[in-house]
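Protein chains: 4
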Amino acid sequence: MLIVMQQGVSEEDIARVIARIQAMGLIAHPIPGSSRTAIGITGNKGPLSPAEFEILPGVKTAIPVTQPFILVSREARREDTQITIAGRKIGAGHLAIIAGPCAVESVEQTLAVAHAVKSAGAHFLRGGAFKPRTSPYSFQGLEKEGLKILARAREETGLPIITEALDTESIEMVAEFADVIQIGARNMQNFPLLKKAGRCRRPVLLKRGMSATIEELLMSAEYIASEGNGGIFLCERGIRSFSTHTRNTLDLSAVPAVKAASHLPIIVDPSHGTGMRSMVAPLARAAVAVGADGLMIEVHDNPERALSDGPQALLPAQFEALMKDIRAIAEIVGLEV
Amino acid sequence: MLIVMQQGVSEEDIARVIARIQAMGLIAHPIPGSSRTAIGITGNKGPLSPAEFEILPGVKTAIPVTQPFILVSREARREDTQITIAGRKIGAGHLAIIAGPCAVESVEQTLAVAHAVKSAGAHFLRGGAFKPRTSPYSFQGLEKEGLKILARAREETGLPIITEALDTESIEMVAEFADVIQIGARNMQNFPLLKKAGRCRRPVLLKRGMSATIEELLMSAEYIASEGNGGIFLCERGIRSFSTHTRNTLDLSAVPAVKAASHLPIIVDPSHGTGMRSMVAPLARAAVAVGADGLMIEVHDNPERALSDGPQALLPAQFEALMKDIRAIAEIVGLEV
Amino acid sequence: MLIVMQQGVSEEDIARVIARIQAMGLIAHPIPGSSRTAIGITGNKGPLSPAEFEILPGVKTAIPVTQPFILVSREARREDTQITIAGRKIGAGHLAIIAGPCAVESVEQTLAVAHAVKSAGAHFLRGGAFKPRTSPYSFQGLEKEGLKILARAREETGLPIITEALDTESIEMVAEFADVIQIGARNMQNFPLLKKAGRCRRPVLLKRGMSATIEELLMSAEYIASEGNGGIFLCERGIRSFSTHTRNTLDLSAVPAVKAASHLPIIVDPSHGTGMRSMVAPLARAAVAVGADGLMIEVHDNPERALSDGPQALLPAQFEALMKDIRAIAEIVGLEV
Amino acid sequence: MLIVMQQGVSEEDIARVIARIQAMGLIAHPIPGSSRTAIGITGNKGPLSPAEFEILPGVKTAIPVTQPFILVSREARREDTQITIAGRKIGAGHLAIIAGPCAVESVEQTLAVAHAVKSAGAHFLRGGAFKPRTSPYSFQGLEKEGLKILARAREETGLPIITEALDTESIEMVAEFADVIQIGARNMQNFPLLKKAGRCRRPVLLKRGMSATIEELLMSAEYIASEGNGGIFLCERGIRSFSTHTRNTLDLSAVPAVKAASHLPIIVDPSHGTGMRSMVAPLARAAVAVGADGLMIEVHDNPERALSDGPQALLPAQFEALMKDIRAIAEIVGLEV
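Residue numbers (my numbering), protein chains in the order written: chain E, 1 to 337; chain R, 1001 to 1337; chain L, 2001 to 2337; chain X, 3001 to 3337.
These are computed hints drawn from the structure, not numbers from a lab. Treat the hints with care, since some could be wrong.
To be verified - Okay, derived cross-link-like pairs now, DSS-like style, lysine-lysine, Cα gap no bigger than 27 Å in a straight line: (1) Lys-195/E x Lys-3324/X; (2) Lys-2148/L x Lys-1195/R; (3) Lys-2045/L x Lys-1148/R; (4) Lys-3144/X x Lys-195/E; (5) Lys-1324/R x Lys-1118/R; (6) Lys-3060/X x Lys-3144/X; (7) Lys-1195/R x Lys-2195/L; (8) Lys-1060/R x Lys-1045/R; (9) Lys-3045/X x Lys-148/E; (10) Lys-2060/L x Lys-2045/L; (11) Lys-1144/R x Lys-2060/L.
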């Protein structure tokens, strides 16, 4: 259930509603907005009665939420959520450009790419230290060493870093180093990991699973939010269809679909979404035109030698050229880059 | 096999190669280009020997084509094909805007929509006179009456008309009235219909089937081309995936994929591709940004009363607003509208 | 709407209801059953009033049908439909075995396979004279010559023949030769072809399209039934999914799903459903175990030389071995072979 | 690389090969078979030279493995693997019946179902103590309490228990109580969990992910095997397709596909594979007919009150009736129940 407070309500009124919720053995999640405050209620086993809350002072209405997600729903918050990370903004009119290598391979490679993407205009550095690989015999990432390299790249370039956490045991270590914790597509329904990410004091980038519906994606975001972490942004990275001309089928309709159902920002990863270097730029342009809140793009200074996903990485010069188109299209659709 | 002629070769040389091909009981398909002429050979049962053709004067090289399509392949023609219909250009830098109602319902509705889309800047009028409907009890189109209404709308607005042909019996009647014959998604592998479209003297708009690969789409185009009709443009209109938040999953990667493999233009239909009015504009913008050669958009002056696919039709005012964004994005990606 | 008549109603009562329906400008479709007669009504634009029919003598009840298909629905007929073709029964407890080559290639090949499958216990001979091929350059079938060969094989073996019709122009010729007209997967939504099949006086085998839902399959069957042809049986032949270890993904759940929603028989084609010889026997066994009303299996005496789909054809000896398992499993699930 | 030893080779020869592999800094995985012993080599960065191993005494041949999985491949072991758990056999001719509730809800419910499935002939009891639920607000399982209830059910019925582990933190606790650790479909590519399962001294049931190819499934099994745990059996439980008449699309072709590529047993879960009670029995029969090594079936004594997946659970009496068909079909396909 969602309690919508009247405009200009007092802190006292809000506190009274929260106290009542807690007295019933339930959990209250205040969701502030610029025009109104809502309070999500979770923890109930059966339906709640709106009347019980509507009699409280300052309550405008109590809405039984019909969707299975509450806190991340558009009903809970009418305005788009904006997340600020080390001064960079994502969402609500701000386009965030995240770029970097698929995997952190060495200090040299990471710094070279970090400087290149920064000078081309990226706002965040991405790079995997823990890599989920289909084969147990493939390169699995530099792990803690990789996190340290990323931290050094941040120090040198000032770019906040985004890197993936693979399990409940190492997520704390990742949270220590990273500015944003990434939950990958294969872990979108790794519920213990989502819960733990919800307890970390770091924003979370949650990627859509390969065969996840938009509702399932938002339910997974709700797992994070229900643990008290509202700093979530989502990522469309291609779904699995019968189609084989790309590695995945990038579903750009996910962007308006998420925006209709939720207040969370959503970005697009055209690198994994296509798996082919020649496709990254056109689909990146399309992602901005469709209204995405950000892009996540793999860049490598020597893709032929990349230890992971080389064929989809842009060269720094290609990324720089792409940034020009991105800026121009962003302006047309009213986004600040 | 593909015979590539030397640059600046004489008509005589070309004629000699064609004669040789015909003398072998095979079919020669000259494919002129600005920088070179190629001659496709079809009709052979087994592989042909390049040497047999390379000794002829004017022949640069004979390439055994590895893909199953020849005439529509990028190997056959390096430049993008451009189709000109009643003065409007599609492809090779020209963005074509096709708009109109899903179905022709009446003179009034058709004229109203035709005038509206024309004044907003559309280049072509679309509208179905023969409608493929899942249910035998749904409105099946006005048939010949509908074709006459379209012809009248053309007369009044000057817009060339694009309308669907459903079978080998009625395609000739459609060809009599229409400027472009549309082959719908459900008929993409209706091979007798493709062959007959190949024998019509009209450009053909071929829509991708709901579960067709890019290769299958190009093979179907090859059916049309192999009958002598090279005026083909393709249309991505959404594929069927597990995803249910849209009616179909619009696969914008089909645009660069087709352009890599073929010289034919490809447009995008965001109306069928999403099935939801609110999604049409964002996906239309994305389609232009990804590099499509055109858009096909359903517009209705009274969507609530539409006899077919009302929920996905834009209102004239929405279409007009969209045209502004389209023009701006087209400029960025180097397309003339 | 569906008019359900009382048990033991007179012919006169039925005639009176039909007359009333026709007087309203609608179409009446009597659907006899062993325990009750129903009369389907089609042709109405809006909803009909049950009361208008329930006052007529002999009418038990008038049911507004909620599904979009009426005549083929389980509501219209509670008993399973059984089709009898030249003495062979399909459906309602009778398992029909249809076997033969993918394409009719020559008299010798067709007769050899026909004799082989007959001696192994097949009830019908299949074989394509008109072949829908992805490539315009592939073997397209012997056409009329092929139909004549099939007719000769029937003469020699006594097996009724099932063969595909590809378009509205040639379907009459097919109907002249064939005992059953097959509508292939690619034509499942070729509505003009379905309508014409509905006007042929031949049973129709309708294959599920590669990306068709069960509802769409039944709507296509309704097209045939609404033209007056109730001799329809359906065929699951594999759907298109992301999965690539088989040519298509055979969806055996389609069998109980169709049986729940419709009274029509449904058979399974494990040859196209898997595309691999080694998979045909296990999936054929599974199809019988799941409750299919028949099997359609490709058999070739020399698969390496087959002009179409050789890799999925069983050798005659393999087919014979499979028939033993089929008979044993059929007995367990209560089917007569 | 795979080293295949000569028949009747001595232990000494095997030890020598292993020592050589280890001396090169690589990992040796002996894979004994009845007719031959193979030794898988993992840990190499680049390709190895066969010659280096073929000169060793007792080595028949060294095969560079072309597939990305080695230890679980059919090349590594020609015979079907059979797993024995508390006296019950799975694989290589033995059909294992696993039944029980979706979730452990109470002592009473678990014991009632356990006794019912045992008396109907099940060999294993299934039941979730940790439940992966799409919504954070759904019942998440009784956790440790649930494991204790399962242990008590085993004590009372003698049935070994199979239950799911959700993360690397709780898997040890699960391994303490369970006879078989289940890795669910959502965790098929949770690589840290797979590695930890590989280090547990318990057989592992690995379910196919909703959009996993057979190769990906086998790669995930390879993760477990490469950690030294060869007691793996796989489970087909339905894939995600466009088709909506069932919750998932049960892909029975996965059974022969896995058997062709791997020596591991594979079972089928028709309960999750269809999500509908009425579909479970027909698809269970089909799974046995296709050659599966086992079935996993949800049974509940009061499905309407089930806390999870009630609509797909069989009633005990339905399960008992199904067991009769299963035994009869198993006999036909040569399986011992």
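Against the structure, the hints:
no., hint, result
1, Lys-195/E x Lys-3324/X, "44 Å, violated"
2, Lys-2148/L x Lys-1195/R, "24 Å, holds"
3, Lys-2045/L x Lys-1148/R, "24 Å, holds"
4, Lys-3144/X x Lys-195/E, "18 Å, holds"
5, Lys-1324/R x Lys-1118/R, "14 Å, holds"
6, Lys-3060/X x Lys-3144/X, "50 Å, violated"
7, Lys-1195/R x Lys-2195/L, "21 Å, holds"
8, Lys-1060/R x Lys-1045/R, "24 Å, holds"
9, Lys-3045/X x Lys-148/E, "24 Å, holds"
10, Lys-2060/L x Lys-2045/L, "24 Å, holds"
11, Lys-1144/R x Lys-2060/L, "43 Å, violated"
In the structure shown, a violation is registered for the earlier hints numbered 1, 6 and 11, in ascending order.
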